[in-house]
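Start from the sequences, fold in the hints, and give me the full structure.
One line per chain: the protein sequences are R and E, in this order.
Residue numbering for the first sequence is 1 to 285, as defined by the working numbering.
Residue numbering for the second sequence is 1001 to 1112, as defined by the working numbering.
Where hints are given, some of them may not hold.
Claimed, not checked - What follows is a set of in silico ranges between Cβ atoms, one per label pair, in the way DEER data are often shown: (1) T114(R) / A1034(E): 57 to 63 angstroms; (2) E35(R) / D1026(E): 23 to 29 angstroms; (3) K1066(E) / P276(R): 25 to 31 angstroms; (4) L1097(E) / E272(R): 46 to 52 angstroms; (5) G1039(E) / P202(R): 43 to 49 angstroms; (6) E35(R) / A1049(E): 35 to 41 angstroms; (7) G1111(E) / K279(R): 54 to 60 angstroms; (8) H1008(E) / E63(R): 57 to 63 angstroms.
Quick caveat, the hints were computed from the structure, so don't treat them as lab data.
As the structure is a prediction and not an experimental result, all values here were calculated from the model.
Beta carbons are placed, not taken as given, at the ideal position from N, Cα and C, and that holds for glycine.
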Amino acid sequence: MSAADGGAPRVALVIGAGSVKCAAALGLWRVLKREGIDIDLVVGCSGGSIYAGVMALGLGVEECEEMTHGLWRREITERADWRSMLGALFPKLFGFNGRLGMVHDAPLLKALSTPFGGRDFAETKIPLHVVATDLANGEQVTLSEGSILNAIRASVAIPYVWQPWKVGERWLLDGCLSAPLPVDVAMREGADLILAMGFESPYPRRIRSGTRYAFQINSIYTNNLLRANYAFHNLAHHAEIIPVLPEFGENIGLFDTHKFPYVIEQGERAMEAQLPYLKQLLATA
Amino acid sequence: MEIHVERHTTVTVVRIAGSVDGLTADTLLAALQAEVDGGHVRLVGDLSAVDYTSSAGLRALLATVKQARQKGGDFRLAGAVPQVSRVLEMSGFTSILKMYEEVEVALASFGS
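Shown next as structure tokens:
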């Protein structure tokens, strides 16, 4: 049932790529829960897929906040993947398998296993779609069945940081390489109202290392892709996109776990700013 | 939403107040279209009193830009507040539309 059939509008939540900033989705969610507004489907990309996943599984907001603290720990990036790096640097000596990740993914997988280990898309309380990118051809890939852990591991495979992840026959990378804010998936799934929580990657004041330089280039690509995709989908379809764009007055580092309350609060504020309009739309449907 | 039309010598200023969204887009589009159909194709949209915008509202603005340009004019925007400006920027408007901080500057941009 959708607005086009004369029924209630289908409401989708799309949580874009944004690493630790994606925790702002918990603030958004808190507002929706408080207001009794239900979501009909949820779409996540990269860091956003983690929060889309826990929401779809029906975890409580407080549980998710705890999970957030457990997930974003230094341990997930501390173990180097020497085998992968040596293979990339000295392919003749060590052999290169066509995939590179500087960080070993075992700690990441362990952290993701807590909320998602053994969980399947079929178990979700609301339909979940996770977006990743095909390494072979750059195609946007939407994962909607099978192992949630596999889908999220693929969606968070930040280029150069973590190796791509195999799902089916495809090696998949971070969804932000093809759709940093995948509102198109919500449109395709028949959403009438789309709450789109997006994040632009920050640009540091100074680039102090080769790694930061690589991140800078990545940010330039993905920010421009975010805007280009958003502009197209915003204007090309009848669905109403409600942008939920948290504003962060301060830089949020990957392991600034002490800033989670602030990040969540900014998400809450961003959603509250959109609430009057959302409620009007739902009331007039 | 409130719409107030103000005619200057060769340019028409459309002052918009309130939300530019799915609930008001039709009203806004009708008002803007009436201007274009009436031959007032050099338009400035004063957004200084617009506090909210969403995709449906943006589509109304874009439709007007297209129509005005097809008839040899233009629809330029002025005075967008930061939260509206941010959405316009994210939506690609700033790259295809001429936007100004002040209505007077937008008016002057059309020349005499």
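Checked hints:
no., hint, result
1, T114(R) / A1034(E): 57 to 63 angstroms, "holds, 59 angstroms"
2, E35(R) / D1026(E): 23 to 29 angstroms, "holds, 27 angstroms"
3, K1066(E) / P276(R): 25 to 31 angstroms, "holds, 30 angstroms"
4, L1097(E) / E272(R): 46 to 52 angstroms, "violated, 29 angstroms"
5, G1039(E) / P202(R): 43 to 49 angstroms, "holds, 47 angstroms"
6, E35(R) / A1049(E): 35 to 41 angstroms, "violated, 27 angstroms"
7, G1111(E) / K279(R): 54 to 60 angstroms, "violated, 45 angstroms"
8, H1008(E) / E63(R): 57 to 63 angstroms, "holds, 59 angstroms"
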